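Can you build the whole structure from these sequences, using the hints too?
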Amino acid sequence: MLDSAKPKPALLEIKNLRIEATSYPPGEPPRKVVLVDDVSVSVEQGKVLGLIGESGAGKSTIGLSAMSFGRGGVQLSGGQVMLNGRDIRTAGPSDLRALRGREVTYVAQSAAAAFNPAKRLMEQVIETSLHHKLMSRAEAEARAVELFRKLGLPNPETFGTRYPHQVSGGQLQRAMTAMALCPKPDLVIFDEPTTALDVTTQIDVLVAIKAAIRDTGVAALYITHDLAVVAQVADHILVLRGGKKVEYGTTDQIINTPQQAYTQALVSVRSIDHIEKADAAPVLSVANITARYKGTTFDVLKNVTVDLPAGQTLAVVGESGSGKSTLARVITGLLPAAQGRITFAGRTLSPDLASRSKDDLRELQMIYQMADTAMNPRQTVGTIIGRPLEFYFGLKGAAKRARIQELLDEIEMGAGFIDRYPAELSGGQKQRVCIARALAAKPKLIICDEVTSALDPLVADGILKLLLSLQAREGVAYLFITHDLATVKAIADKIAVMYRGQVVRYGSKTDVLTPPFDDYTDLLLSSVPEMKLGWLEEVLASRKMESGGN
Amino acid sequence: MRRIPISALIGLILTGGFFFVAIFAQLIAPYRMDELVGGVWDPISATHWLGTDSIGRDLLTRMIYGAQVTIFVATCATILSFVTGSVLGFIAATAGGWVDQALSRLVDLVMAIPTLILSLVILTALDVTMINLILVMGFLDSTRVFRLSRAVAVDITVMDYVEAARLRGEKQGWIIFSEVLPNALSPLVAELGLRFIFAVLFISTLSFLGLGVQPPLADWGGLVKENSAGLVYGIPAALAPAIAIAALAISVNLVADWVLSRTTSLKGGRGA
Chain A
4 MLDSAKPKPA LLEIKNLRIE ATSYPPGEPP RKVVLVDDVS VSVEQGKVLG
54 LIGESGAGKS TIGLSAMSFG RGGVQLSGGQ VMLNGRDIRT AGPSDLRALR
104 GREVTYVAQS AAAAFNPAKR LMEQVIETSL HHKLMSRAEA EARAVELFRK
154 LGLPNPETFG TRYPHQVSGG QLQRAMTAMA LCPKPDLVIF DEPTTALDVT
204 TQIDVLVAIK AAIRDTGVAA LYITHDLAVV AQVADHILVL RGGKKVEYGT
254 TDQIINTPQQ AYTQALVSVR SIDHIEKADA APVLSVANIT ARYKGTTFDV
304 LKNVTVDLPA GQTLAVVGES GSGKSTLARV ITGLLPAAQG RITFAGRTLS
354 PDLASRSKDD LRELQMIYQM ADTAMNPRQT VGTIIGRPLE FYFGLKGAAK
404 RARIQELLDE IEMGAGFIDR YPAELSGGQK QRVCIARALA AKPKLIICDE
454 VTSALDPLVA DGILKLLLSL QAREGVAYLF ITHDLATVKA IADKIAVMYR
504 GQVVRYGSKT DVLTPPFDDY TDLLLSSVPE MKLGWLEEVL ASRKMESGGN
Chain B
2 MRRIPISALI GLILTGGFFF VAIFAQLIAP YRMDELVGGV WDPISATHWL
52 GTDSIGRDLL TRMIYGAQVT IFVATCATIL SFVTGSVLGF IAATAGGWVD
102 QALSRLVDLV MAIPTLILSL VILTALDVTM INLILVMGFL DSTRVFRLSR
152 AVAVDITVMD YVEAARLRGE KQGWIIFSEV LPNALSPLVA ELGLRFIFAV
202 LFISTLSFLG LGVQPPLADW GGLVKENSAG LVYGIPAALA PAIAIAALAI
252 SVNLVADWVL SRTTSLKGGR GA
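From first to last, the protein sequence lines are chains A and B.
So in our numbering, spot 446 of the first sequence is number 449, and the numbers just go up one at a time.
So in our numbering, spot 42 of the second sequence is number 43, and the numbers just go up one at a time.
No lab work stands behind these hints, which were simulated from the structure alone.
Errors might be hidden in some of the hints.
Derived lysine to any residue pairs resembling SDA-like cross-links, with alpha carbons at most 20 Å apart [what the hints assert, rightly or not]:
#, chain 1, residue 1, chain 2, residue 2
1, B, Lys172, A, Glu366
2, A, Lys187, A, Glu106
3, B, Lys172, A, Leu356
On a predicted model such as this, the values are computed, not experimentally measured, just so you know.
The structure is reproduced here in C-alpha cells:
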C-alpha cells in the first residue's frame, strides 16, 4: 500500500453515508424518505464503537450498512462504506455473500426469534464457519465450546446439544454472541443485545460480551438506546438523532463533558429529584394475597401484603416472572385472588371484577405499557377520553368536549388533538392520552404497568414529570409497576421489591434503598447500569449473589 | 381521490350494471316475463336479441328477470348470514367459556355435513318458497361467517383496549359494537363479497337441480336447466345465463379484492 501515512488503517470507514427508503403512504404516490444523512465514522481494529440514539435515529440502519445490508426497501444511496480498505456499498451479491458471516457478523436483539427452534444450538453456532469453509467441523465445534466457556455458559461441552427453547433468554443471547464470534470475524454488529433482558441478566450478558470482545480482539459496533450500557463497553460513541450525527467522541468525553445540548440531555436523563412524602392513611391495603392462574397449582403470588398511602406512589419492582403484573391483575379484579383481602378507600373490594360497584371501578384506573394496544385504533382521541366521562358522569355534547379539552391541557397537549386517531400520535403522546383517559374517571388510584418501558429515555422522563405534577395537583395515588430502578428512584414514596411471587423488601423509599440489603435487593440494585465509566468492574467486585435466572 | 385500479373499475361497472338491471327489470325488459312471443329456440334476431327459449319466451326478458331473482335471493341470504354469523361469532369471542364452546361445536356440527346435501334435504322437507330458500341459504352460510368473525374477534379481544373497557365496567354489547366491530370490519367486508358470490353459485346450483326458484319464475340457474336440452342440438340458449353467472362472480370478486387491499392499508387496518 502506497499510502503509508496511516500506519494502521481503519477497519471500517463510513464516509458521508446516505440511506433512503421508499415509503408508500396509502392513496399517495410513493416517496423517498431519508433515513440516514451524511454520517461519517470509523472503527479501528479491536475497538468498540457505540451507536446511540432514540428510536428512528437510524442506529440499526447504520449498523447494518456495515455489512452493506438494508432492511426491506432500504437503499444505501450515497457515500462510501469502506471495509478492510474496499468499498462494499456497491458490491455485488456474491461479494457480499463472501464477506457476510466471514468478515462481519451480526447479533440481533431478540435471540429467541433469531434462532431456528428446530435445530440444536451447536449446528447453528458453527453453521457460518462451515459454510465459508473456514475450518473443519471438529475445529469449529472446539472453537464453539471454547467460546461457550469464555461467555460463561453452563456446561460448555454439552451446551451445544440443547435446543433453543431449553436455555434461558440470557443464555441464548450469549449463544448468539458465540455464533457471531465463531468464524473469527473482523467486526461484529451488536444490535441492542441486552435490551430485551432483565436488568440482573443484562449485566451478565454485558460482562460476557465485553470479555469476549477483549479476548478475541474483534472490533464491534454496539447499538443501544441506553447510554449507561454503552458507556461500559464502548471506546468511542456516536450520538445520532433523526438520521444525523449529533456528536462523536471518546466514551469518556461523551459521558463526562458532552458538548451538544441533546447529548447533555441524554446524559442527565432520569435525574428527577423526588422527595418521599410522610406516611399517611392507606388508600389501598393488600393483605395476605395469594393467587394462582386457572387450572394451575402454582401460586404466582404468595402471601403478599403491601399498603399504599393516599396520594402517594408505591413502586413494585422485580424482574420478569416476579409476579408484579399479576398483583395488578388481582387488584383490578381480572384475576380473583385465592386468599387474602384488598381494602380500597375504606371498602373491602370483592375479588372479581363483575361484582364490583361502578364507583369501585371508577376510582381504580389502569395505564398500560403499550399505549399502542391500549387504545382502539378506530377511535379518535376525543372518543377515547370522552367515553369514561360519558360512562361514569353522563357528560354529553359541549360539556363533554370542554372537559376533554381540559384534560388534554392537563396532559400538556393543546387543541387540535381531539379529532386525531392514535396512529397520528407519537409514542409519548399516546401514553399521555392513556393517562388522560385514566384521569377522566377522577380516580383515587391509578395502576401504572411499566408505563415508561416502551418509551425513549427523554420521552419517558417527560411522562414521569407529568405523572408527578398530576399527583401533586389531583392527589391521585399510583401503584407503579416497573423493572427499572432509575424510574423507581424518580417517582416512588414506597417501594415493594418482589422476587418469585413474594415481597422480599417493603418500606419507604429511603428505608428500602439504604443498606443493609437482603441478597436479592442488593443484586437488583447493583445491576442497574450507572452512567459512569468502569461501573461494570466495580459491581462485579462487590456482588453478594449470583443472578439466578439468567 | 385515490386512483381506482383498472380491474376494480371493470368490476365496479359490471357489478353496478347487474344490480341496475336487477332493480329496474320491470322497466327494462322488452316483454312480459311469461309471454310467449315466438317459436321454440328461435335464433338471435333484431326482435329477440338473445333468441327465444325452450317454449318460445324472449330469452333476454327471461335473463333480465333472472338477474332480479338471482341477485335478490343472494343479497338477502348474504345479509342474513352476515348478521347472524358475525353477531354470534363476536359473542362467542367476547364471552368465551361455555358460550364459545357451545356455539363453536354447533357450528362444527353443521359444517361437518356437506352444505349442498344438507340444504337439499331441508328443502325437500319444506315448501320451496323464496323465503325458505333465503333462510336455508343464509343460515347454512352463516357458519362460515361465524368462523371468520370469531377468529378475527379473538385476536381483538386480547388487546389492552378491550381489557380497559372491561375494567371500566362496559357491557358486552358496547364491547362488541364499539371496540371489536370497527376493528374487524375490513376482513369482514372482503368476506362479504366472496360470500355473495358463493350465494349466487349456490342458488344457481339449487335451481339447476330443481329445488331452487320454481317456475314460472326463473333465476339464471333455472334458465340453464330449462335450456340445457338445446345444447345437444347446437342451440346456445343455455350459455347466456351461464356466462352471466360467471361474469357476476368475477366482477364482484374484482371489487372485493380492491376493497380488501384498500381497507387494510387504512389506519389501524390489518397488515400493510
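Structure-based check of each hint:
| no. | hint | verdict |
| --- | --- | --- |
| 1 | B:Lys172 <-> A:Glu366 | holds (18 Å) |
| 2 | A:Lys187 <-> A:Glu106 | holds (8 Å) |
| 3 | B:Lys172 <-> A:Leu356 | holds (12 Å) |
Of the numbered hints given earlier, the model fails none.
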